[in-house]
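Participant: Chain by chain, the residues run as shown.
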Amino acid sequence: MAEHDMGFEEKIAWAGVIVSIVHFAIYLSVLVTRAATTPMPETPYIDAMLWSIGAAIVVMIIVTIVVAVTTGRDGHEMDIRDKQIKARAEFTSRGLLIAAALAALIFAMLELDPFWIANVLYLGFFLSAMLETVTKIALYRGGVPAW
Amino acid sequence: MVKPTRVSNSIRPLRFAAGEMTQAELAERVGVTRQTIIAIEQGKYSPSLEVAFQIAHALGVRLDEVFSYPTTTSNGDSA
Numbered sequence: 001m002a003e004h005d006m007g008f009e010e011k012i013a014w015a016g017v018i019v020s021i022v023h024f025a026i027y028l029s030v031l032v033t034r035a036a037t038t039p040m041p042e043t044p045y046i047d048a049m050l051w052s053i054g055a056a057i058v059v060m061i062i063v064t065i066v067v068a069v070t071t072g073r074d075g076h077e078m079d080i081r082d083k084q085i086k087a088r089a090e091f092t093s094r095g096l097l098i099a100a101a102l103a104a105l106i107f108a109m110l111e112l113d114p115f116w117i118a119n120v121l122y123l124g125f126f127l128s129a130m131l132e133t134v135t136k137i138a139l140y141r142g143g144v145p146a147w
Numbered sequence: 001m002v003k004p005t006r007v008s009n010s011i012r013p014l015r016f017a018a019g020e021m022t023q024a025e026l027a028e029r030v031g032v033t034r035q036t037i038i039a040i041e042q043g044k045y046s047p048s049l050e051v052a053f054q055i056a057h058a059l060g061v062r063l064d065e066v067f068s069y070p071t072t073t074s075n076g077d078s079a
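Protein chains in written order, with this note's numbering: chain A, 1 to 147; chain B, 1 to 79.
Hints were generated in silico from the structure; no laboratory data involved.
Take the hints with a grain of salt, since some may be wrong.
[Unchecked claim] Heads up, incomplete: computed chain B residues facing chain A, CB under 7 Å, no partners named:
#1 SER8
#2 SER10
#3 THR36
#4 ILE38
[Stated by the list, open to error] Footprint (simulated), chain B over chain A, 3 or more residues, beta carbon under 8 Å:
#5 79-93
#6 132-144
No experiment lies behind these values; they were computed from the predicted model shown.
We treat Cβ as the ideally placed atom computed from N, Cα and C, and that holds for glycine.
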């Protein structure tokens, strides 16, 4: 088995995948629980959304600090390969973000409830972030192909 | 359409020949992470021309002694 040593950026990407899934799953479960007694568009979502975003940010900051402290001296700074992988991952995930923004635009034009507009955007942020981090991991593990 | 790199290298044996230089030492001299050196050695990452020259310089050899690229014959087959 070929050696594969995880650098700082790859470890953060793995952590990002886990934190994203957990925080979005918690948000969805709160939403679904509240929607059991209230029509969906009237379900309170703002506090749950803000808390899940805030908690995810705090957890990622803590995880980043822990990974930085426990990772050896090498692999801390982003080198050219890290920057190329980051750029490719952002390019790959951009389409999902644009799709979510377009959906939100259409929802607004159709004058749908703000609940749907906010949540389609939030879903887009989540899916885009997931695709970006999964792409990063795939490129770190499988290699960076030429264009 | 993306394609895997066709550039091959001899970094590993050249490292050992250069006083058993470690991947970390080579990475330090070139200014990249050790993981990038590993990826280059395994053919998972094609370095930029600048990094390739820096690797050759760090190993004390010419660029074409470190990296090679298959040449194509006149009928299009790789040599």
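Participant: Determine for every hint whether it applies to the structure shown.
Facilitator: Hints, one by one, checked against the model:
1. SER8: With a closest approach of 14 Å, the SER8(B) hint is violated.
2. SER10: 17 Å, violated
3. THR36: Given a least distance of 4 Å, the restraint on THR36(B) holds.
4. ILE38: Holds: closest Cβ of chain A sits about 6 Å from ILE38(B), inside 7 Å.
5. 79-93: With 4 residues close enough to chain B, the hint holds.
6. 132-144: holds (count 4)
Taken one by one, the earlier hints fail for this structure at numbers 1, 2, listed in ascending order.
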